[in-house]
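Those sequence lines, one after another, are chains A and B.
Residues in the first sequence are numbered from 8 upward in steps of one, following our numbering.
Residues in the second sequence are numbered from 4 upward in steps of one, following our numbering.
None of these hints come from the bench; they were simulated from the model.
Please read these numbers as outputs of a predicted model, since none were measured by experiment.
Keep in mind that a hint or two might mislead.
Unchecked claim - Only part of the chain A face toward chain B is listed, based on derived beta-carbon distances under 8 Å:
no., residue
1, P19
2, V20
3, D44
4, T55
5, A105
6, T115
7, V118
8, G125
Note that CB positions come from ideal geometry on N, CA and C, so glycine has one too.
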Amino acid sequence: MATVRLSFSPAPVHVRTARLVGVAVARRAGVREDLLDEVRLAIGEACTRAVALHHQYGLADPVLVEMSDSGAYSVRVVDRAPIEAGLGLAALNADELANEALTDEALTTGVGFALLAGFVEDLQVRPVAEGVGTEVRMVWPVGR
Amino acid sequence: MELSLATRTVGEHTVLEVGGEVDVYTAPRLRERLLELIDGGARRVVVDLGRVDFLDSTGLGVLVGALKRLRSAGGSFALVCDKEPLLKIFRITALDQVFPLHPTVDAAIAADPTGSGT
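Start from the sequences and build out the full structure, keeping to the hints where you can.
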């Protein structure tokens with residue numbers, strides 16, 4: 008069961024709020040202090056991805072963030088975009104990143120996934136159980 | 004902390020000092036400022052990330068955009084960053100192989116292959 012649940016309209020300005028809440032709950036859950044920067048970044052990337060998808064598909068639905076500290080600290084970020092869950096999230100290599108033909112959107116998406124995959128050991132991106140959308144699920148150990 | 008942007012000139016180089024949080028909300032302002040500088044004729048640009056305490060994929064995308072624009076205009080673009088958490092972000096994304104990264108503004112200017120330094 009979620010300890011804290013936050014839903015926000017898909018606007019960039021709210022992503023910071025989600026990061027702040029996510030880190031506050033992580034700290035309270037007992038996530039190690041030296042992991043909190045990574046928690047902050049990962050939650051931000053997951054929310055940024057969700058906001059971008061809602062914009063891309065013209066969806067006004069809120070983005071949902073659920074934080075739970077039962078056992079470990081887990082965060083779910085749920086979007087409602089009608090896409091095949093963004094699996095096959097290949098990170099871009101240096102040559103691809105520097106390629107003039109790469110669009111800004113593709114670059115940002117690729118970099119965002121590289122950050123998620125790089126900073127979150129326990130990461131899953133999958134379709135939501137009910138309805139349309141995907142969820143990014145991230146888990147961090149708590150060291151009490 | 005909000006985004007802060009300040010520009011200064013060091014010899015032939017334009018140094019943009021960035022502070023605060025660069026994210027999906029604030030990155031458009033960074034993009035605008037960089038475009039203003041480049042459109043205004045700046046060709047040797049150093050972005051000092053020394054006071055940045057948060058940088059996400061959107062901010063990185065803006066920096067890559069500026070790098071490509073300056074390179075195609077025959078200019079140069081370098082970053083100043085000596086904080087380990089930020090450097091880790093560049094390593095994880097492989098962008099450390101894309102950007103010239105330097106610990107200080109002086110080092111960035113001295114290493115610029117297109118400039119004479121100061």
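Going through the hints against the structure:
Interface restraint check for P19/A: the shortest CB-CB distance to chain B comes to about 4 Å, inside 8 Å, so the restraint holds. For V20/A, the interface hint holds, the least distance from its beta-carbon to any beta-carbon of chain B being 5 Å, beneath 8 Å. A cut of 8 Å between beta carbons decides the hint on D44/A: the least distance to chain B is about 5 Å, and the hint holds. Given the 8 Å rule on beta carbons, the hint for T55/A holds: about 4 Å separates it from the nearest Cβ of chain B.
With a least beta-carbon distance of about 5 Å to chain B, the hint placing A105/A at the interface is held under the 8 Å criterion. For the restraint placing T115/A at the interface with chain B, the shortest Cβ-Cβ distance is roughly 4 Å, inside the 8 Å limit, so the hint holds. About 4 Å separates the beta-carbon of V118/A from the nearest beta-carbon of chain B, less than 8 Å, and the hint is met. Taking 8 Å as the C-beta cut-off, the interface hint given for G125/A holds, the closest approach to chain B being about 3 Å.
Hint compliance for this structure: every hint is met.
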